[in-house]
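A.B. asks: Listed here are the chains, written in short residue letters.
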Amino acid sequence: MKNLIIYFLLCFSCSLVSQNKYITKTGNINFEASVPAFEEVKAEHKIVTAILNSDNGEFAALALVKGFRFKNALMEEHFNENYAESDTYPKATFKGKIIDFDLSNLNLQASSFVIKGELTFHGKTIQFDNLDILISKNKDIISISGSFKTKAADFDIKIPKIVRSKIAKNIEVTFNYLLKRKLKFN
Amino acid sequence: MKIILAILLLTPVFTFSQDDLLDEIDKNSNNIENVNAVFKGLKIVNFESTKLVAKKELNFIVSHRFGSIKNGIDTFFGLDNAVTRLNFVYGITDAINLGVSRSSFLKVYDITAKYRLIQQQHNGFPFTIVGFNAVLINTALDKNNLPLLEFKHRLGYTMQFLISRKINQDLSLQLAPTFFHDNYVLIDEQDNSQFALGLGGRYKLGKRWSINADYGIHLNRADNSLFRNPLSVGFDLETGGHVFQMHFSNAQAMNTNGFLGQGNGDWSDGNIYFGFNLSRTF
Chain A
43 MKNLIIYFLL
53 CFSCSLVSQN
63 KYITKTGNIN
73 FEASVPAFEE
83 VKAEHKIVTA
93 ILNSDNGEFA
103 ALALVKGFRF
113 KNALMEEHFN
123 ENYAESDTYP
133 KATFKGKIID
143 FDLSNLNLQA
153 SSFVIKGELT
163 FHGKTIQFDN
173 LDILISKNKD
183 IISISGSFKT
193 KAADFDIKIP
203 KIVRSKIAKN
213 IEVTFNYLLK
223 RKLKFN
Chain B
27 MKIILAILLL
37 TPVFTFSQDD
47 LLDEIDKNSN
57 NIENVNAVFK
67 GLKIVNFEST
77 KLVAKKELNF
87 IVSHRFGSIK
97 NGIDTFFGLD
107 NAVTRLNFVY
117 GITDAINLGV
127 SRSSFLKVYD
137 ITAKYRLIQQ
147 QHNGFPFTIV
157 GFNAVLINTA
167 LDKNNLPLLE
177 FKHRLGYTMQ
187 FLISRKINQD
197 LSLQLAPTFF
207 HDNYVLIDEQ
217 DNSQFALGLG
227 GRYKLGKRWS
237 INADYGIHLN
247 RADNSLFRNP
257 LSVGFDLETG
267 GHVFQMHFSN
277 AQAMNTNGFL
287 GQGNGDWSDG
297 NIYFGFNLSR
307 TF
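Residue numbers (this note's numbering), protein chains in the order written: chain A, 43 to 228; chain B, 27 to 308.
Note that these hints are calculated values from the structure, not bench results.
All C-beta atoms, glycine included, are put in the ideal place defined by N, C-alpha and C.
Errors might be hidden in some of the hints.
Which residues of chain B face chain A? A partial, calculated answer using Cβ under 8 angstroms [as the list claims (entries may be wrong)]:
1. Leu47
2. Ile51
3. Asp52
4. Asn62
5. Val64
6. Asp196
7. Glu215
8. Arg234
9. Gly266
All chains should be built: construct the whole structure from the sequences, respecting the hints.
C.D. replies: Given below as structure tokens:
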């Protein structure tokens, strides 16, 4: 019995020192590869999971590739089947760290931070060393947003000649997360 | 007690192992999700596939079957006797399609409905089941040859279930139990109500092309019928909004009642038809 009590005390003390985490399951990622005068090529993902450790600025995000929604179903099918190969590579992930993150300095006004980390998609990982992001905080919600440009070739995705002129070389990716304080024992 | 203590002591280790943030959100997702892209085209070759046009999209399908290649250069391998079918299919919802078409084979008009009853899922239901119905109007029948002809004789009906399974990323197979009824058949011995079983499949050779085949087994063909079961083999090539299907078949008709009931070619003596379906999504 005494042991049990000790265990529970240990357990509680653990949670007391455990990190502060902010999480969302409804983060947004958009990408656009449209070429003027051709059919719009863009997609939106509204159910990205992301997590932030507010003690050290570590950040991670995960999107199921099949969750990207396009203008029409055919484009979505081709994206999954021919380009992203989402049956083979179902997840896109990011893992990184916000430099000099300090929770106490955040306020309603968005401030600039730099994040570094690695993005994995289609089985390929690319490194970000200084990606600019904006962070603001409203009560228990931290907002993180930003954008970057990338190329399909960076992820080993081949675009066939016949559609090459209709898909932009530089793909603009934007992201936006509203992270809520994660409750303990949750 | 010692066992319980041991378990309790082991548990915290698990709690601490959540240090990696990504692992914390990367729960093993055994989610049930729908299986897509079972077939590239709305048809395998002759048979309808379980693919449907998406909601609010319009597909225009132009199909050609040339004449028999048997006569060689004399008919330019069948080009001289080509038949054409123009077909519009609209997606009312992702699961309900309506279509209209006109084929120059017997001047057939048809109205079709295709509806998905259940979709194959990862970690879920193993098949996609789609219903297909058509009403056909044969406007080639001529009162001069058939004096007792009434409008009802021009009508034909199709009732079909399409049951497909995407076995893996490359291979998809389909069964198509079919009932069809023609109010006018060419020979008396042939029942107006006819039954058939369709078998079909596709195998992807690359990301954008596949080899396809289908075969229809007619279950109550009259003994003295001149028609044969349709066997077709072809390739699908997909380029963005288009799907090209090129194939050989021993049936020249493109409507279900036509290729099942009136396929008159024969693979064994080279009496087959070259054809293609070209589909464009709007």
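A.B. asks: With reference to the structure, classify each hint as holding or not holding.
C.D. replies: Hints, one by one, checked against the model:
1. Look at Leu47(B): its Cβ gets to within about 4 angstroms of chain A, closer than 8 angstroms, so that hint holds up.
2. Taking 8 angstroms as the C-beta contact cut-off toward chain A, the hint placing Ile51(B) at the interface holds, the least distance being around 5 angstroms.
3. Here the hint on Asp52(B) is kept, as its CB sits about 6 angstroms from the closest CB of chain A, short of 8 angstroms.
4. Hint status for Asn62(B) relative to chain A: holds, with the closest Cβ pair at about 6 angstroms, below 8 angstroms.
5. With a least beta-carbon distance of about 10 angstroms to chain A, the hint placing Val64(B) at the interface is violated under the 8 angstroms criterion.
6. Hint status for Asp196(B) relative to chain A: violated, with the closest Cβ pair at about 11 angstroms, above 8 angstroms.
7. Because the smallest distance between the Cβ of Glu215(B) and any Cβ of chain A comes to about 46 angstroms, over 8 angstroms, the interface hint for this residue is violated.
8. With 8 angstroms as the threshold, the beta carbon of Arg234(B) comes within range of chain A, its nearest partner Cβ sitting at about 6 angstroms, so the hint holds.
9. Below 8 angstroms, beta-carbon pairs count as interface contacts, and Gly266(B) has one with chain A at about 5 angstroms; its hint therefore holds.
Violated hints for the displayed structure, listed by number in ascending order: 5, 6 and 7.
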